[in-house]
Amino acid sequence: MRTGTANTSAAATRGRRALRAGTVTVGAYALPVALVIVSLFIGRYPISAGDVFGSLGAALGVSGAADSIQARSAAYTLVVNVRLPRAIAAALVGAALAGSGAAFQGVFRNPLVSPSILGVSSGAGFGAALAIVFFSSATAVVAPFAFLFGVLAVIASYLIARVYRSTPTIMLILGGTIVSAVFSALISLMKFIADPETQLPNLVYWLMGSLSAIGWEQFAAAIPIAIGLIALDVLAWRVNILSMGDKEARSLGLDVFRDKLLIIAAATLSTAGAVCMSGVIGWVGLVIPHIGRMLAGSDNRRLIPLSAAAGASFMLVIDLLCRTLSSSEIPIGVLTALIGAPFFVYLLKKTKGRDWQ
Amino acid sequence: MKADPVLVQLDGVSYTYPQASAPAVDQVTLEAGAGTVTCLMGVNGCGKSTLIDCILGENSLTSGQILLDGTDISTLRPSALARKVSYVPQVHERAFPYLVRDVVLMGRTPYQGILGSSSDADQEIVDRALRLCRIERLADRPYTQLSGGEMQMVLLARALAQQTSFILMDEPTAHLDFRNELSFMETVVQLVRNQGVGVFIATHSPNQAFFFEWSGVPTVCTLMSAGRVYQTGAPSQVLTSENLHDLYGVHARIVSTPTSTGRPLNQILLISTEECSHDQKR
Chain A
1 MRTGTANTSA
11 AATRGRRALR
21 AGTVTVGAYA
31 LPVALVIVSL
41 FIGRYPISAG
51 DVFGSLGAAL
61 GVSGAADSIQ
71 ARSAAYTLVV
81 NVRLPRAIAA
91 ALVGAALAGS
101 GAAFQGVFRN
111 PLVSPSILGV
121 SSGAGFGAAL
131 AIVFFSSATA
141 VVAPFAFLFG
151 VLAVIASYLI
161 ARVYRSTPTI
171 MLILGGTIVS
181 AVFSALISLM
191 KFIADPETQL
201 PNLVYWLMGS
211 LSAIGWEQFA
221 AAIPIAIGLI
231 ALDVLAWRVN
241 ILSMGDKEAR
251 SLGLDVFRDK
261 LLIIAAATLS
271 TAGAVCMSGV
281 IGWVGLVIPH
291 IGRMLAGSDN
301 RRLIPLSAAA
311 GASFMLVIDL
321 LCRTLSSSEI
331 PIGVLTALIG
341 APFFVYLLKK
351 TKGRDWQ
Chain B
1001 MKADPVLVQL
1011 DGVSYTYPQA
1021 SAPAVDQVTL
1031 EAGAGTVTCL
1041 MGVNGCGKST
1051 LIDCILGENS
1061 LTSGQILLDG
1071 TDISTLRPSA
1081 LARKVSYVPQ
1091 VHERAFPYLV
1101 RDVVLMGRTP
1111 YQGILGSSSD
1121 ADQEIVDRAL
1131 RLCRIERLAD
1141 RPYTQLSGGE
1151 MQMVLLARAL
1161 AQQTSFILMD
1171 EPTAHLDFRN
1181 ELSFMETVVQ
1191 LVRNQGVGVF
1201 IATHSPNQAF
1211 FFEWSGVPTV
1221 CTLMSAGRVY
1231 QTGAPSQVLT
1241 SENLHDLYGV
1251 HARIVSTPTS
1261 TGRPLNQILL
1271 ISTEECSHDQ
1281 KR
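Quick mapping for you: the protein sequence lines, in order, are chains A and B.
Residue numbers for the first sequence follow the working numbering, beginning at 1 and rising by one.
Residue numbers for the second sequence follow the working numbering, beginning at 1001 and rising by one.
Chain B extracted, bound-state conformation (with noise of 0.2 Å):
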């Protein structure tokens, strides 16, 4: 692990997409640390996949600086960008079948010069990061014919392959059955815990903050409103009901069950929303 465990900051970071008159993320401050994984939560179009962006130098911010290492980002050419900063998508649209190996080889391009050629080290980062996310079974299989849990494997295989510090997701267990959605966790708290990666990661699933603070990675929460940062914290001080009640409208409760390692692990009940319970009570 690096002497400065400061990976990402971002300084009042603001983005207004072109023609809108509001911004889609306000006067944003942030940090987030190697070795960490940074949750951040809050409702649909609160500006949590606009800020992804932003860190990823897809949009250019309006006004604020975000610092990679202590460079501006917007410094960086794409491909030295690409060395510090890899992405998971939510859904990765696929057009031709290219092998899963080729697919996680495409991580290596930001290290590759103009004709693309990769060497046998390339060829062993690849076969690392297969193995690291437990699919060199499917390496030489059409990526097209993966089902969705595989597929966001290849992905982050691919991310892994690009050997950054840090790692970026979109919701990237939105679509996955609740096995896929552990499974995909689970690498992800090996990699912050054995790789030393810092992991960025958009949710929509509170239960997914508290398993990584659960498993012991150090994880923050952020809690995102109307593009500004509502609340910054452990997962078990911001996910609390009152802090859901007032983002979500929602009604919902968090229990805490005891587990085999001694920890307990905080859940939510959901119970109702705003509207409803306002109706029931008539």
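The following block holds chain A by itself, in its conformation from the complex (with noise of 0.2 Å):
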């Protein structure tokens, strides 16, 4: 009898939980498709609802829309070739840092590691200033360069951190501080030679991170984004294996060595693309891991996808701000902290860190 009740209520705090689950992911991942939807129609330059519905028929070849649409190019161009893809841009850097800090998180087992620990945006902001002052400020240079450098510096902190045939947490950790504080010295180099009249703003706008040169040409990076991502979410299991320790993670079965190399190297390629298309952005895969482990716990399986929508959710309406507050763009950089922090000590404050710590 008494089994049979704890059973049922059991039971029912369960379907209360699923239904909770249930909800929350729904709202995650309608959250953003919304947010880009509503980009659209916002922005200093006013296009009717419309227009804009008018560009995406257009867009879309929809018969008689383009015909109406073709006089107002000027909505259509800035609908079509400016605010959807910087819309779809934002997202998926958002989304990107925010899955790979999931993972790193988890991988390293330490909730204040951010998917830059190893050295990817040091890295890639060297490779950018390097094409800035001797090539191009040309996007179609400098992104190469920022992804190229920024992998070439994870590989860096993991051959440091290579001890025989593993890879301790310690280890990589202190690689990629040592290949973080190399490419930074670096980085004031490149800063100290550049043309302080053109180069110089150049880099530091990079450096602060921006999505306002996006157009459709720099979707190449959309490419490591998503396979990193697909990457993540098949080994998402794995990273709640590995964050119980290389030593048990072992005895449970996993080939330790093998597993963190693909985790890091897909966490690594999401990180890169996102770093090449918006210029270095911090806190974002800090700390909407946690937000994430606060809206669906820390079973990596549902906190990984969970953290990038709320990844591509936040960047959406950050970069919202950025370009709507005030006359001149606000570095994005700039606002992922200022807005965020006072969000996140809210939400410390309102769950009282239950559920998350």
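No lab work stands behind these hints: they were computed from the structure.
In this text, a Cβ means the ideal position worked out from N, Cα and C, and glycines have one as well.
Careful: at least some of the hints might be erroneous.
In silico EDC-like links for lysine to aspartate or glutamate, alpha-carbon gap of 16 Å or less [said to hold, decoys possible]:
1. B:K1084 - B:D1069
2. A:K247 - B:E1058
3. A:K247 - B:E1093
4. B:K1084 - B:D1102
Sample of chain B residues at the chain A side, in silico, Cβ under 8 Å [to be verified]:
5. G1057
6. P1089
7. F1096
8. P1097
9. P1110
10. G1113
11. G1116
Dock chain to chain to rebuild the complex, using the hints, since each chain is given by itself in its own frame.
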């Protein structure tokens, strides 16, 4: 009798939990889609709702819509070639940073880790600086350099950390710290030798992060972001096991060395893709996973995709504010922390750390 | 139980840490069977944990071999090894508040495919493991909120969910109060008796070895010293005051108390360390 009652109430608890989880999930994935659509209507140049729909219709090849929009090509260009790519880029960057942040925190068993822990940001920053100073400030040149050096920095950290056939967490973090220090010094050197009239402002602006120059041409970076995020979703349960520590993960049957490498590779691909799209954006990859844990618990199979969705929403909101708050655009890396930090404090106070610590 | 009761055979196992001059485990040969508790004892740094790491496949042997049901473990993939040997650590650092149920489910890892999806059968195995460890009531709690005693039970349940014929335990009760320690050992006795698992347990407490022996499960005690096997046998035979003096440098007495089961229970009484007894004589 007693076990029967206990089972019923346990089942009821589980049922409530499942319902709440379902609501959170639907909301989390619907929000970025809604925000992308909202982004199309908002901007300094006023465009009527009809023109937004007309432009979208024309872009999708809906007959009839094309004719009516011809005369208003400015609206078409703004909606389809400026606002839409920018909104999708914001979503991709936020998803990449938050998703890989969650994965890195799990693998390193440390909730204070951000995706730049292995030096991807400073590496990418140096790559961008190198391109700006010696070649060109054109995005087509800067982005590949940033991506390449971001990945190279992580490879260097990984090789430093590699001891025999293992990569202990502490060694990885040390490796990342060393590589970040070297690349930060090299970034300073690049700032020092950059032409203060032309190159330096470009460089500083890139390092603060911005989505203002995004167009469809930069969407090559969406490929590594997508590959990395899909791989992280597949590997998410291995992140759970690795967060038990190397020895226990091994005793649970994981090839720790290989799986850690796969997860680091996937997270690096998506982070490097994000950094080369938007420049260096801090805070998102560190804090959004915590918001994800408050919403969805710690199981990475739910947490990684949910963090990605939350990161996308967060970046969409921040980017909207960046381009509407003042007449000149505010660098996105500034607002992520200025808006994100108080929001995080609010959540901490509200949940009192429940279900999270 | 299997026809061949030998589960793990260590054959001249040696392991030297990189850059160390002397081996931490030196020419260890021993056998551990199903349905048996093997207690591994010796002073701090005598090589107990290193030996356990060798059986876990964490350390690749300098020489010798370890056979699991006749198969050399160095030829097994981690997942294949994890289907035969599970592990209960001394302490587990909790980084994220996973639910107890999810932690125990991680024991199913070696049976899961590339996506790690768990079946209803896995859930049943988890429920059963929780029941055997008497922690069903904790199933939906974040494991970060548990006490040390509850935590070790969760780790034991995870090892059970792994459905291995052998469980390695590295001082699993080192941080528990005596009630929780006793409760943990009682659960181990149940598992050995009813499930026929073989348990390999590193411990600092002679009383634990005596308890297992007293409870009636086949118990072997292996004393280690400086990486080597010093003596192996039934706890009441090897845990003598002479051996404890030689290994630990203590003066101790073994006392025997009658219990309601009819079998006497041995316990150790520690009297003094060697150095201190010299001082007193002086």
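Do the hints match the structure? See the list:
1. B:K1084 - B:D1069: holds (9 Å)
2. A:K247 - B:E1058: Measuring from Cα to Cα gives roughly 7 Å; hence the hint holds.
3. A:K247 - B:E1093: holds (12 Å)
4. B:K1084 - B:D1102: Distance ~21 Å between K1084 of chain B and D1102 of chain B Cα, so the pair is violated.
5. G1057: At about 7 Å, which falls below the 8 Å cut-off, the nearest Cβ of chain A leaves the hint on G1057 of chain B intact, so it holds.
6. P1089: It holds, given that the least Cβ distance between P1089 of chain B and chain A is near 6 Å, below 8 Å.
7. F1096: The hint holds - F1096 of chain B has a Cβ within 8 Å of chain A, the shortest such distance being about 4 Å.
8. P1097: holds (5 Å)
9. P1110: holds (3 Å)
10. G1113: violated (10 Å)
11. G1116: Given a least distance of 3 Å, the restraint on G1116 of chain B holds.
Checked against the numbered hints given earlier, this structure breaks hints 4 and 10; the rest are met.
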